[in-house]
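Build out the structure end to end from the sequences listed, making use of the hints.
Chains as they are written, first to last, in my numbering: chain A, 5 to 157; chain B, 5 to 528.
Please note that the accuracy of each hint is not assured.
[Claimed, not checked] Okay, the calculated bits of chain B under chain A, using three or more residues with CB under 8 Å as the criterion: (1) 18 to 24; (2) 28 to 42; (3) 62 to 76.
It should be emphasised that the hints constitute simulated quantities derived from the structure, not laboratory data. Positions of the beta carbon are idealized from the N, C-alpha and C atoms, including for glycine.
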Amino acid sequence: MSKIVRTGANLLYPFILIFGLYVIMHGHLTPGGGFQGGAVVATAVALVIVAYSFEEVTAMIKKVGMKARESIGLLLFIGAGIAALAIGAPFFSNFLANSGLLFGQVVPSGPNPGDLNTAGVIPIMNLAVGIEVWGGLAVILLYMLSGITKEGS
Amino acid sequence: MIPAFIVENSPALMVIVPLVAAFLSPFIGRISSMVRSIWVGGAMAVTSTIALILALDVYSAGTRLYVFGASAASAAVPPDSGGIPIRIIFEIDQMSALMLVITAISGFAIILYSLSSERSHTGLESFYTLYLLMITGILGMVSTGDIFNFFVFLEILSLASAGLIAYRVDGGVAVEAALKYFVLSTIGALAILVAIGIYYGQYNALNMAMIAARMQFSVLDQVALVLIIAALAMKCGAVPMHFWTPDAYSMAPSSITALLVVASQASLYGLFRTVFTLYNVTLNAATVGWLIIILGVLSMVVGVTMAIPQKNVKRLMAYHAVSQTGYMLLGVGVGLAVLGNQSLLDAFGYMAMEGGIFHIINHAMYKGLLFLTAGAIFLRVGTYNLNRMGGLGHSMKWTMVFFVIGALAIAGIPPFNGFASKLMIYESVFVFNPLLAVIAMVVSILTLASFVKVFHSIFMGPALPEYSGVREAPMPMLVGMGILAVVVILFGLFPGIVVESLITPAAHALVDQGAYIGAVLGGA
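What follows is the structure, encoded as structure tokens:
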């Protein structure tokens, strides 16, 4: 692509990442969540693919790394569920909520401004889903890209 | 003894173990393929053990609940929810436990087989990931007590199956079969989703027990029933929605075909669960019962007549799978048709249902065995074409023995398990309607004829020169087939014990809607 597109992509790239991560991390407070945020982050990958040539893209974004993200996200998700088993509660039990630990701030009843440090394991699971969707969609995009290159060259 | 922790958490653990193993296997596979084989084999063994422990517990102590994310695993209805069970609940009664037994045995036998049969192929890290996801999907589908959760596990199963059907690309033919399967599965899943939406809109609940307790059988419920029956009958390969089965079954690797049979049984379970637990006596039992009987008879007849002219051994077996599914639909359909009439139900209804349900477990065993033998033959000979095989009985003796066991079982010859369940179906269906029993017997005879032909063209005759180098299948594959063959013979020799201890409780649990509701809502 032209220099204009590349420069634009370079400029936008960090902002897309940050916006996606924002949607992921505020999943328990605002509309959106792990999947939506992960999809936004994956659009950054799509932007890179559109702006750069096949060789540059494959040098920048590794398929192995994206596959690893996919697995790690899923493992983190299940791990958050298993952690509940370890303390004697049923699978997926929200043992962190209102506990005072990580994401464990007690939420006052009634209208409140929405504190990030709440909701227990839900933000952790959102994060896990975000990582997973980022990896998964990126892998899909990379596979589509490889199909196009063979056609073009 | 078994630690209490495992027994208490077994419903969750049997889903957790394959999931964790599935997502770790790409990492572990990087160490070496040997380590990966041990890892996935061990994970499957653990999963099977947990599922069997759970099934044993259910058979001895009654229905088990597992409430995800609650403060305690048995707290189905939170105190502040207005009496609605809002959480995802696994509810395992005897019918679910029976399906767990089937999945545990087949899943373990098949992974032993595929560790050997797939060893020389590429892309194994995703193969085993998807395999374990399929197991997760099946186990989840048969255990869940939440209808949306059922849809989720159905989708996990469909996606993993589609990936595995396309696993051997085979010049794009396998991909085409997978695409067909995937499109149909998606349409079916959407139909189920619409039905779930209808329930949710009417009854404000997704929990099956809650929906069943509030069921009105309004016009909307009838629409939902049609959508669910159509989608799940398609997924289990009943005629006239069977057209994906020959393609998918014949193009998938043989180990996966054997697991697809189990997967189709899980869809059948979903169908029975919907009809008996969600609706039960509220629906017009005779009409819906006859609908399922007709689906069953059509599947039996069309399946077997389509199977006879096939030249590809796996396509032939796939059509027989369609045909055998018909027996299960027939048996359980007869039970449904007399639902609500206690005297008829006692006279032959329960027996027909037991026959149908017994046939589910028998079918999973002998059909799995047959597909595995077909895979073993393909591994050594490199073709599925019956016209190009012959004389393999000289070199593959054990495979031949296993094939004979499977073939006689599917044809309903004593002393194999197919005979036991088919006899129950014949006897009870004859009391209900003699014509149906006659059709069922004719189909069995045609099945026997078809398998005699297959047996002759694969194993009999002089040893062919082009197959002079053919050896017996590798040991792990034989062990996998052997496990299924032993089950086939044991179930055939002692059907009384199996029916009494496994099948009768399952049939009664399926009919007893009140117990299913009561386990979640209490009292009822």
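Do the hints match the structure? See the list:
1. Under the rule that three or more residues need a Cβ within less than 8 Å of chain A, the assignment of the region 18 to 24 of chain B holds, with 3 such residues.
2. Counting residues of the region 28 to 42 of chain B whose beta-carbon sits less than 8 Å from any beta-carbon of chain A gives 3, enough to reach three: the coverage restraint holds.
3. Closer than 8 Å: that is the beta-carbon criterion, and the region 62 to 76 of chain B has 7 residues meeting it against chain A, so the requirement of 3 holds.
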